Amino acid sequence: MTGVTASTSVLVASAPVLSAQAGYVMLALFSVLWISLGIWWGRRAKSYDGFAVAGRNVGLALGTATAVATWITSNTTMLAPQFALQLGIWGALAYSTASFGLFAFAPMSGRIRRLMPTGYTAVEFVRRRYGLLGTIPFLIISIFYALTWLVSMTMAGGKLLNVLSGIPYEVGMSVVIVVCVLYTLFGGMYAVIGTDFIQSLIILVGLIVVACAVLVKIDLVDVHEKLSTNRPMLLSVLFPAALMSLFNNMFFGFGEIFHSNVWWSRAFAMRDGVGPKAYALGGFLWLPVPIVAGFLGLAAPALGIGVSEPDTVGPMVAATLLGWGGALLVFVVVFCSLASSIDSLLAATSDLMVNDIIEPIMQHHPTDRTKRNLSSFCIILLGFFSWSVALPNVGTLATVLFFAGPMVGSCIWPIVGGLYSRRANAMAACLAMVTGSVCGLIAYFTIGWFVSSLVGAAVSGAVFGVGLLLSPADFDFDSLSVDGESKKTPANDPQAAGEMA
Amino acid sequence: MGSIEPIAPPQVFENRKSCYNPPLPIMTNHFAIGANTISCRFGITPPPRLARTAFAGLLWVGFLQASPVAAKGAPVEKVVAESRTAEFETSESIAESQGVKGSGVEEPGSEPLRPPALGPVQTEPDTISELPSYLAFATTEFNDVREGYVELHWNPVDSATEYVVIEDDGTKPYRGSFEQAFVSGLSNGTHTFIVEAYDKSGNLLATSAKPAIVTVDHWPLSQAMIAFSIGLIIFVALISIIAHGALTADKKPAAFPGAESEQPG
Numbered sequence: 008m009t010g011v012t013a014s015t016s017v018l019v020a021s022a023p024v025l026s027a028q029a030g031y032v033m034l035a036l037f038s039v040l041w042i043s044l045g046i047w048w049g050r051r052a053k054s055y056d057g058f059a060v061a062g063r064n065v066g067l068a069l070g071t072a073t074a075v076a077t078w079i080t081s082n083t084t085m086l087a088p089q090f091a092l093q094l095g096i097w098g099a100l101a102y103s104t105a106s107f108g109l110f111a112f113a114p115m116s117g118r119i120r121r122l123m124p125t126g127y128t129a130v131e132f133v134r135r136r137y138g139l140l141g142t143i144p145f146l147i148i149s150i151f152y153a154l155t156w157l158v159s160m161t162m163a164g165g166k167l168l169n170v171l172s173g174i175p176y177e178v179g180m181s182v183v184i185v186v187c188v189l190y191t192l193f194g195g196m197y198a199v200i201g202t203d204f205i206q207s208l209i210i211l212v213g214l215i216v217v218a219c220a221v222l223v224k225i226d227l228v229d230v231h232e233k234l235s236t237n238r239p240m241l242l243s244v245l246f247p248a249a250l251m252s253l254f255n256n257m258f259f260g261f262g263e264i265f266h267s268n269v270w271w272s273r274a275f276a277m278r279d280g281v282g283p284k285a286y287a288l289g290g291f292l293w294l295p296v297p298i299v300a301g302f303l304g305l306a307a308p309a310l311g312i313g314v315s316e317p318d319t320v321g322p323m324v325a326a327t328l329l330g331w332g333g334a335l336l337v338f339v340v341v342f343c344s345l346a347s348s349i350d351s352l353l354a355a356t357s358d359l360m361v362n363d364i365i366e367p368i369m370q371h372h373p374t375d376r377t378k379r380n381l382s383s384f385c386i387i388l389l390g391f392f393s394w395s396v397a398l399p400n401v402g403t404l405a406t407v408l409f410f411a412g413p414m415v416g417s418c419i420w421p422i423v424g425g426l427y428s429r430r431a432n433a434m435a436a437c438l439a440m441v442t443g444s445v446c447g448l449i450a451y452f453t454i455g456w457f458v459s460s461l462v463g464a465a466v467s468g469a470v471f472g473v474g475l476l477l478s479p480a481d482f483d484f485d486s487l488s489v490d491g492e493s494k495k496t497p498a499n500d501p502q503a504a505g506e507m508a
Numbered sequence: 050m051g052s053i054e055p056i057a058p059p060q061v062f063e064n065r066k067s068c069y070n071p072p073l074p075i076m077t078n079h080f081a082i083g084a085n086t087i088s089c090r091f092g093i094t095p096p097p098r099l100a101r102t103a104f105a106g107l108l109w110v111g112f113l114q115a116s117p118v119a120a121k122g123a124p125v126e127k128v129v130a131e132s133r134t135a136e137f138e139t140s141e142s143i144a145e146s147q148g149v150k151g152s153g154v155e156e157p158g159s160e161p162l163r164p165p166a167l168g169p170v171q172t173e174p175d176t177i178s179e180l181p182s183y184l185a186f187a188t189t190e191f192n193d194v195r196e197g198y199v200e201l202h203w204n205p206v207d208s209a210t211e212y213v214v215i216e217d218d219g220t221k222p223y224r225g226s227f228e229q230a231f232v233s234g235l236s237n238g239t240h241t242f243i244v245e246a247y248d249k250s251g252n253l254l255a256t257s258a259k260p261a262i263v264t265v266d267h268w269p270l271s272q273a274m275i276a277f278s279i280g281l282i283i284f285v286a287l288i289s290i291i292a293h294g295a296l297t298a299d300k301k302p303a304a305f306p307g308a309e310s311e312q313p314g
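Residue numbers (this note's numbering), protein chains in the order written: chain A, 8 to 508; chain B, 50 to 314.
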């Protein structure tokens, strides 16, 4: 393996950032591509079922691709290297444990599909399973998480395009959110899943090329020796904060996937029996991504690459070692990963708003067309909200999203228990979410971010278990699908059933 | 998942030139082949014009970047340790901290190499003539750093294009154009850092008056192991319940500890 050897510790590189013109061309190119595909696929979304859950007939290839693309956010390429830079080898491994969330959700998605064949959202499940008592904290957590994730991704889009190509923050941020809103608006879940397929291919190929090129450029033995000499803690298996972060990150991932409607809407959209395979396969495809990305962060100290902002270390190392080609690849990968996550959030959150906020307020079943129009309105509203909050470029929103760690961690047990035990009761679920969130946030401020989800999940689990023992319910799982019987199903809606086939 | 940390306010950044080149008239059908593959597999038909436009755009981007002017920004590895005009000597450097001006002469029209500059880009250049000539860390004492990483910040220096952070053992954890450095992987104990500012010719301009002293005291290993063990127990419990539920939920009752039956009665 050739590479930079003895001189790596004193390596200096110039700025291999894309020119603004190249950035604009790439931005325009992919914007046109996504919007065109959104319009193209949108012609097939005639019914609300088609728009919201892609006719409930998504196959294995598209299902796997959408799981991978959605889970590879800009953070996978940005935060995984940061974790490695901060916490060493354990950091990269800790980030990769988020794939366990996909593995764990795989069997759950099959059960969700069976229990609620005509369901739309995660909140709908909680409402039917736990009633109002469980729905209130769950809805608050879901909305809080979805909005902060959406805004922070929008901000990340503006910042990353600015970092990589010099495109002004306001322009990059606006283009990213407008493009995502437009193609989601035209194509709904069809466009989201279809573009996810293309985006996942681009992301995976881009990351493989970057990884291979970086491995050719550097000498792994040299990197290991320099880290052993200068930063031994990054290689230590007994790095205390890193040890604590391992399961914390895993439960953050579990909580995100188990509670978020982004994943539930896909479970509803996939053909019966496809969900478990698609999520498991998606987990396997996703697993190496943060490890590869994390290695970039780990290599930075050994290569002597100065790091100002830990979250830019991945692109910085790739661009420094690979030149403009690396920067171009990173640009494309980042843009695809941003779009694949933002569109999913827009579609899933609009479903949640229509089905779990607007429809209950209306107190009657709106027509298919009304729901479709409401969904479009919600997508525009969410896009405008994200744009307006992200525009001032307030840098604290990302920190706010980390607050969501203990909150989503506290949802793990109520969801798992609600799916698999008829004894799970509303009071236990409500108390588990509230106490888990509170204790997790206390841990966040008193100890650190690397234990907050762990504490949230632990306290929530203990409270939920005690509640289940003290006051067991006797839930009838058949009741989960009762409300849906009157709704139009793919079986009696040939148009919806055939749309995605 | 999760989010990225916020990126710091805009930094001084050199606006690079780039030449304009018209779109290449040559188009191949490679992109169209890929698009057709997807369309055949999934029953969709992207417009061929879009495919050609996309491929032409990619060629254009490549040509823009490969042009001679843009190539000036290509990464260059450069061994500079031996060529420094001023070597790090703690006592002398601190004594010289109140602005050691270099005497480098810039050749007209020359385009010097720049240090790593990945960071927020500012389109309008700052007026740096009013910047101070001294150099100092914003914070010089970091006590009880529990995670082994720290961010060092310092003031910008007039005419400085590169800053180098030097640890007491001689290693240089940061070299770049921004006024902050992220240093990680620090072991227990006290670590001392100084920062030096250089101009574009590599002349030492200033050295930090006072070193930044970082005292690292990692979390107790016992506490870390307790957290790790709790996490492992929860993980095993969760996976067991989900696996058990997946295997039995639709076949027989008691998918969850304490549960009697999925179908009451």
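These are computed hints drawn from the structure, not numbers from a lab.
Be careful, since some hints might not be right.
Selected chain B positions facing chain A (Cβ under 7 Å, derived; list incomplete) [to be verified]: (1) F191; (2) D217; (3) G219; (4) T220; (5) G225; (6) F231; (7) A295.
The structure presented is a predicted model; accordingly, all values stated were derived computationally and were not measured.
Don't be surprised by glycine CBs; every beta carbon is placed ideally from N, CA and C.
Checked hints:
| no. | hint | in the structure |
| --- | --- | --- |
| 1 | F191 | violated (15 Å) |
| 2 | D217 | violated (12 Å) |
| 3 | G219 | violated (10 Å) |
| 4 | T220 | holds (5 Å) |
| 5 | G225 | holds (4 Å) |
| 6 | F231 | holds (5 Å) |
| 7 | A295 | holds (3 Å) |
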